[in-house]
Amino acid sequence: MNKSELVDKIADAAGITKGDANDAVDALVDCITKSLAGGGKVSLPGLGTFSTSERSARKGRNPQTGAEIQIPASTAAKFSAAKALKDALN
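Numbering follows our numbering, in which position 42 of the sequence shown is assigned residue number 172; successive positions increment by one, without gaps.
Be aware that one or more of the hints could be misleading.
Straight-line distance between alpha carbons at most 27 angstroms, and here's what the computed DSS-like set of lysine-lysine pairs gives [what the hints assert, rightly or not]:
#, residue 1, residue 2
1, Lys213, Lys189
2, Lys133, Lys216
3, Lys139, Lys216
4, Lys148, Lys164
5, Lys133, Lys148
6, Lys208, Lys139
7, Lys133, Lys164
8, Lys164, Lys139
9, Lys208, Lys133
10, Lys213, Lys164
11, Lys213, Lys171
12, Lys213, Lys133
13, Lys148, Lys213
14, Lys189, Lys139
15, Lys208, Lys164
16, Lys208, Lys171
17, Lys189, Lys133
Restraint-style ranges between C-beta atoms, simulated for each label pair [said to hold, decoys possible]:
#, residue 1, residue 2, range
18, Asn132, Thr205, 40 to 48 angstroms
19, Asp153, Thr195, 25 to 33 angstroms
20, Ser183, Gly145, 36 to 44 angstroms
21, Asp217, Ala187, 36 to 44 angstroms
22, Ile146, Leu177, 15 to 23 angstroms
23, Gly149, Ser186, 40 to 48 angstroms
24, Ala154, Gln194, 41 to 49 angstroms
25, Ala214, Pro193, 39 to 47 angstroms
Since the hints were derived computationally from the structure, they do not count as laboratory data.
The beta-carbon is built from N, C-alpha and C at its ideal position, and this holds for glycine as well.
Please construct the entire structure, taking both the sequences and the accompanying hints into account.
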């Protein structure tokens with residue numbers, strides 16, 4: 131499912147316009163992004179938890195040349211599914 135299909139389903143389920151549903155999806159993504167960028171985490175009961183994970187600097191190899199390169203430290207987004215979501219899938 132892509133964003134436009136999600137917006138259509140939300141609009142139908144909530145009885146709102148597609149424009150309002152699109153604004154709601156955009157606002158949700160923006161709020162989650164800002165919270166994670168600020169070092170927080172977002173828990174949505176029944177769905178899961180969005181958090182961040184620190185990746186340390188490490189050495190890697192260029193696959194074309196085989197030359198060793200330094201990969202800088204970074205912060206990655208992480209999602210942990212809630213038990214209800216896991217149960218619904220199995």
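Structure-based check of all given hints:
1. Lys213 with Lys189: 36 angstroms, violated
2. Lys133 with Lys216: 22 angstroms, holds
3. Lys139 with Lys216: The hint holds at about 21 angstroms.
4. Lys148 with Lys164: 24 angstroms, holds
5. Lys133 with Lys148: 11 angstroms, holds
6. Lys208 with Lys139: 25 angstroms, holds
7. Lys133 with Lys164: 19 angstroms, holds
8. Lys164 with Lys139: Distance ~25 angstroms between lysine 164 and lysine 139 Cα, so the pair holds.
9. Lys208 with Lys133: 20 angstroms, holds
10. Lys213 with Lys164: 25 angstroms, holds
11. Lys213 with Lys171: Holds. Lysine 213 to lysine 171 sits at ~18 angstroms (cutoff 27 angstroms).
12. Lys213 with Lys133: 25 angstroms, holds
13. Lys148 with Lys213: With Cα atoms ~30 angstroms apart, lysine 148 and lysine 213 exceed 27 angstroms; violated.
14. Lys189 with Lys139: 45 angstroms, violated
15. Lys208 with Lys164: 14 angstroms, holds
16. Lys208 with Lys171: OK: lysine 208 and lysine 171 at ~10 angstroms, within 27 angstroms.
17. Lys189 with Lys133: Measuring from Cα to Cα gives roughly 36 angstroms; hence the hint is violated.
18. Asn132 with Thr205: 40 to 48 angstroms: Violated, since asparagine 132 and threonine 205 (Cβ atoms, about 26 angstroms apart) do not stay within the stated range.
19. Asp153 with Thr195: 25 to 33 angstroms: With Cβ atoms ~47 angstroms apart, the hint is violated.
20. Ser183 with Gly145: 36 to 44 angstroms: Holds, since serine 183 and glycine 145 (Cβ atoms, about 38 angstroms apart) stay within the stated range.
21. Asp217 with Ala187: 36 to 44 angstroms: 38 angstroms, holds
22. Ile146 with Leu177: 15 to 23 angstroms: 20 angstroms, holds
23. Gly149 with Ser186: 40 to 48 angstroms: 44 angstroms, holds
24. Ala154 with Gln194: 41 to 49 angstroms: 44 angstroms, holds
25. Ala214 with Pro193: 39 to 47 angstroms: 41 angstroms, holds
Against the hints set out earlier in the document, violations occur for numbers 1, 13, 14, 17, 18, 19.
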